[in-house]
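Trainee: Sequence lines, in order, name chains E and R. Each residue of the first sequence is one higher than the one before, starting from 19 at the first, in our numbering. Each residue of the second sequence is one higher than the one before, starting from 11 at the first, in our numbering.
There may be inaccurate statements among the hints.
[To be verified] If the Cβ cut is set under 10 Å, some of the chain R residues that face chain E in the computed set are:
id: 1; residue: Leu31
id: 2; residue: Thr388
id: 3; residue: Glu467
id: 4; residue: Phe482
id: 5; residue: Leu490
id: 6; residue: Lys497
[Unchecked claim] Below are the SDA-like pairs computed for lysine to any residue, each with C-alpha atoms no more than 25 Å apart in a straight line:
id: 7; chain 1: E; residue 1: Lys167; chain 2: R; residue 2: Leu34
id: 8; chain 1: R; residue 1: Lys48; chain 2: E; residue 2: Gly171
id: 9; chain 1: E; residue 1: Lys167; chain 2: R; residue 2: Thr480
id: 10; chain 1: R; residue 1: Lys217; chain 2: R; residue 2: Leu249
id: 11; chain 1: R; residue 1: Lys306; chain 2: E; residue 2: Gly171
id: 12; chain 1: R; residue 1: Lys306; chain 2: E; residue 2: Thr52
id: 13; chain 1: R; residue 1: Lys306; chain 2: E; residue 2: Ile304
id: 14; chain 1: E; residue 1: Lys198; chain 2: R; residue 2: Asp369
id: 15; chain 1: R; residue 1: Lys402; chain 2: E; residue 2: Ala57
id: 16; chain 1: R; residue 1: Lys497; chain 2: E; residue 2: Leu137
id: 17; chain 1: E; residue 1: Lys198; chain 2: R; residue 2: Lys217
id: 18; chain 1: E; residue 1: Lys76; chain 2: R; residue 2: Leu187
id: 19; chain 1: E; residue 1: Lys167; chain 2: E; residue 2: Gln271
id: 20; chain 1: E; residue 1: Lys47; chain 2: R; residue 2: Gly386
id: 21; chain 1: R; residue 1: Lys402; chain 2: E; residue 2: Leu50
id: 22; chain 1: R; residue 1: Lys402; chain 2: E; residue 2: Leu51
id: 23; chain 1: E; residue 1: Lys47; chain 2: R; residue 2: Asn376
id: 24; chain 1: R; residue 1: Lys306; chain 2: E; residue 2: Val63
id: 25; chain 1: R; residue 1: Lys306; chain 2: E; residue 2: Ile72
By construction, these hints were calculated from the structure, which means they are not laboratory data. Even glycine gets a Cβ: it sits at the ideal position worked out from N, Cα and C.
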Amino acid sequence: MIEAARSKVVPVAEWEVLAARQDVRRARKNALLTSIFGAVGLATVLLVFVLVAIIAYKGAPTISWEFLTQPPREGMSAGGVAPMILGSLLLMLGAFLLATPLGVFGGICLAEYGERSRLMRLMHASVAALAGTPPIVYGLFGLAIFVLKFHFGVSLIAGWCTLTLFCVPSIVLTTESALKTVPAALIDGGLALGLSRWQTLWRIALPYALPGILTGIILSLGRAVGEATPVLFTASVYYSTAEMTLGWDTLRQPVANLPYYLAEGYRQPGVVPERLIWGACLTLIILTLLLNAGAILIRSRMRRRYL
Amino acid sequence: MWRIRLFDNLVQVATWAAGGLLLLTIVAVFSYLFTESKYAFQRQFPFGFRIALQPPHSEYRDEVSMDPTASLLATHREGTDELDDAEDATRLPSHEELMQMQSLVTATAQTDDPNQLRADALFRDCMRAPKRAEQGERFLLVAFALPNYTADTMELAWEPDVSFDPAYCPYQLRLRLVRAPQGVQVDPIEIDLRRQPKGRIALPVWKAHTQEEWLQGYLFELEARPTTSTTWATLQQFLKPDWAPTILYARFGMLPLLLATLLITFLAVGLATPLGLAAAVYLSEQASPRIREWFKPILEILAAIPTVVLGYFGVMLIAPALQQLFGEALQLSSGRGLLATALMMTVFILPTVISLSEDALRAVPNSLREGAEALGLTLAERVRLVLLPAAKSGLMAAGLLAIARVMGETMIVWILSGGTPTMPDFSSPTAALGTLVKPTRGIPDTIAIEMGNVEFESPHYGHLFLLGLTLFVLTLGINLLGFAYRKRAQVQL
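So here's chain E without its partners, still in its complex pose (with noise of 0.2 Å):
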């Protein structure tokens, strides 16, 4: 395997003649090289931090307990934007309790069978070109199959299937590849005792491969809740002051969604002062954020506890 890659880079020889040349021009190029590089990652964590803190400085002014708690008043130009935190978080609920099984046990289809025939090659080039399907192509589908095709009409319904959809492929893809990295000695072993081949998979490989597919389920329900496309006409209201309700009723009405607030926020300029929308802003990021911790701490912690 190794000389298939050396055979691929420059020969060896031209290696030991540079290595050879004792000058300092090399070593000043490399010293140079090196530090740009090392300047671009330090630059990369700045990024971050700078973005951070200026919504941060902008947002946090807005944010109390009446923001986070109360409807919008006054035309949009006051209150807080409760209903639009409920509405992102009622999409993010659904959009997991449907991607979950579809995209895991997919998942597992394809490292199961995976190699096997040619519809499985198929199907898993399918799912990672879905998964890198723009979000505004899954809002048009949405639109076109949920909304008009199955009349659900814009809704929060509407808004779970189309979220489902873009969810699945990369829950399908981070299932698949956090399967394959049990090692064939632990399948091994299960089958050995004799364990039944879905035993095996259920009681060895699935919790070996948890923390993977976690994270997998919980990264990709942070994209979907900060994206506003997929539910852009599909399931997004201003704002509504309909009831919520567990009902029927609920699932048809379009529901209010921290995104779209943001998206309309910029359509309609001057309704919504810019002081909520930085509010506004924050409280979406710190829901991605919280998202993201509980990926990254799964992840440490059931590290720990199978290695």
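Chain R: place on chain E using the hints.
Mentor: The following block gives chain R in isolation, referenced to the frame of chain E:
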């Protein structure tokens, strides 16, 4: 024992069901983008010309549409309701009344048969329903002078209706002299209106002395002859350089949108790839494990910032800076435009590029690294000679994924691009700079902006799906290529 078997079967069934559903989804996404695009092919092709008979030194020489006596011959949406003889306000008044208002007259009729013209059923304008590309249209135009006309020549002037561009019309458009008045010698007239959309032609004066004589004047026809099928015409129009779907003579040329999206992608990925690669090399080759452990979550934070928020950032930070730099020289109203979008896209894509490139570099076996180091190569040389070639497939996959992500990213373009479809122009340095900093509009944001107020299942709706399909096909190709590279990287190492 039976419980184990049941359990086995349940998991297996669930797995297969999920796999089947996935396949179904893939097929459905494909087929629905296609089927909804069919509404684009139900479009019609409106056209309209203003034609007037003018004295040689008319004040409306260059603006026929301002001439109050001009006739409008048009097929467009506003003309779809059937013109009613009794109701129509632009019906020509009687001979005597007409004499008090003007001295040169053009008039038209509902019919396109010269034998059915009636002097008491002439109109100033004629508007008909727009047609498909396969269906032609024919308008008749009567032109004559009244006895109070004094000059000894007159001119027939024509120009396209406001916002109508004959290049966006699939028909062969001709203005033809059907019949000259008796006793007047004129050469045959036949004008190709697509080649000569605006013009004038001198005619010998001919006067109608009574209302009955009106019909004996010059008789012209404006003929739109089909040249191609609606499907083909729609596709041809789709590749034209102007996107204006809501004007009366709608234009659905997506070229400026496509080019803007490609340019933004090119700039953003061109900036993010070297930066990301540098940071990835630092992470995988230089950084200590402790730093690396801190770095990854920080990158994930950047990756987790929603794109709407990144868009707001651009408006707050990048756009004002660009406005200050170029605002006065180029008369910008804001710094929103292609460059601002591309810069924010770079920030958006950077974490993805870094973490994928780092994965690719780390997948290179340590033996290669150590061998090169043992030979005495410096780090920079190791990267150039050993690591980059060995990780080539993985790096290509990372770059391709970045391209697909940037191409489809909507909110950043929506907020930062300024929202005006513009054809990129690189003919001169000033024009190129203008292209970079002036407002533009890409494919994804056009879909997002316009889908909100479009009538469902209308041609406009269909065209938005056609745009979505274009985007999907582009990203699909790139993603599949990236997938192939990723596979190759796995096989190689």
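Trainee: Now look at each hint and say whether the structure bears it out.
Mentor: Consistency of the hints with the structure:
1. The criterion of a C-beta within 10 Å of any C-beta in chain E is met by Leu31 of chain R, whose closest approach is roughly 6 Å, and the hint holds.
2. Residue-level restraint check for Thr388 of chain R holds (minimum Cβ-Cβ distance to chain E is 4 Å; threshold 10 Å).
3. Given hint, Glu467 of chain R at the interface with chain E, holds; its Cβ is 8 Å from that chain's nearest Cβ, closer than 10 Å.
4. Evaluation of the Phe482 of chain R hint against chain E yields a held restraint, the C-beta minimum of about 5 Å falling below 10 Å.
5. The closest approach between the C-beta of Leu490 of chain R and any C-beta of chain E is roughly 5 Å, which is under the 10 Å cut-off, so the hint is satisfied.
6. Hint on Lys497 of chain R holds. Least Cβ distance to chain E is approximately 9 Å, under the 10 Å limit.
7. A C-alpha spacing of about 16 Å is found between Lys167 of chain E and Leu34 of chain R, which places the hinted pair at or below 25 Å, so the restraint holds.
8. Simply put, Lys48 of chain R and Gly171 of chain E have alpha-carbon atoms about 21 Å apart, close enough for the 25 Å limit, and the pair holds.
9. Distance check on the hinted pair: Lys167 of chain E and Thr480 of chain R sit about 22 Å apart at the alpha-carbon level, within 25 Å; holds.
10. Only pairs whose Cα atoms come within 25 Å are accepted, and Lys217 of chain R paired with Leu249 of chain R is rejected, the gap being roughly 48 Å.
11. For the given pair, Lys306 of chain R sits about 41 Å from Gly171 of chain E by alpha-carbon distance, which is inconsistent with the 25 Å threshold.
12. The suggested pairing of Lys306 of chain R with Thr52 of chain E holds, with an alpha-carbon distance near 20 Å, which does not exceed 25 Å.
13. At roughly 18 Å between alpha-carbon atoms, Lys306 of chain R and Ile304 of chain E fall within 25 Å of each other, so this suggested pair holds.
14. Restraint check: the Cα-Cα separation between Lys198 of chain E and Asp369 of chain R comes to about 16 Å, which is no more than 25 Å; the hinted pair holds.
15. For the suggested pair Lys402 of chain R and Ala57 of chain E, the alpha carbons sit about 23 Å apart, so the restraint of at most 25 Å is met.
16. Simply put, Lys497 of chain R and Leu137 of chain E have alpha-carbon atoms about 17 Å apart, close enough for the 25 Å limit, and the pair holds.
17. The hinted pair formed by Lys198 of chain E and Lys217 of chain R fails the criterion: a straight-line CA distance of about 92 Å is larger than 25 Å.
18. With a C-alpha separation of about 71 Å, the suggested pairing of Lys76 of chain E with Leu187 of chain R is violated against the 25 Å cut-off.
19. Restraint check: the Cα-Cα separation between Lys167 of chain E and Gln271 of chain E comes to about 17 Å, which is no more than 25 Å; the hinted pair holds.
20. Note on Lys47 of chain E and Gly386 of chain R: the hinted pairing holds, with a Cα-Cα distance of about 15 Å set against a maximum of 25 Å.
21. Only pairs whose Cα atoms come within 25 Å are accepted, and Lys402 of chain R paired with Leu50 of chain E is accepted, the gap being roughly 23 Å.
22. Proximity of Lys402 of chain R to Leu51 of chain E is assessed by CA-CA distance (about 20 Å); at most 25 Å being required, the pair is judged to hold.
23. Of the supplied pair hints, the one linking Lys47 of chain E and Asn376 of chain R holds, its CA atoms being roughly 24 Å apart against a limit of 25 Å.
24. Proximity of Lys306 of chain R to Val63 of chain E is assessed by CA-CA distance (about 10 Å); at most 25 Å being required, the pair is judged to hold.
25. Taking the CA atoms of Lys306 of chain R and Ile72 of chain E, the gap is near 21 Å; set against the 25 Å cutoff, the hint holds.
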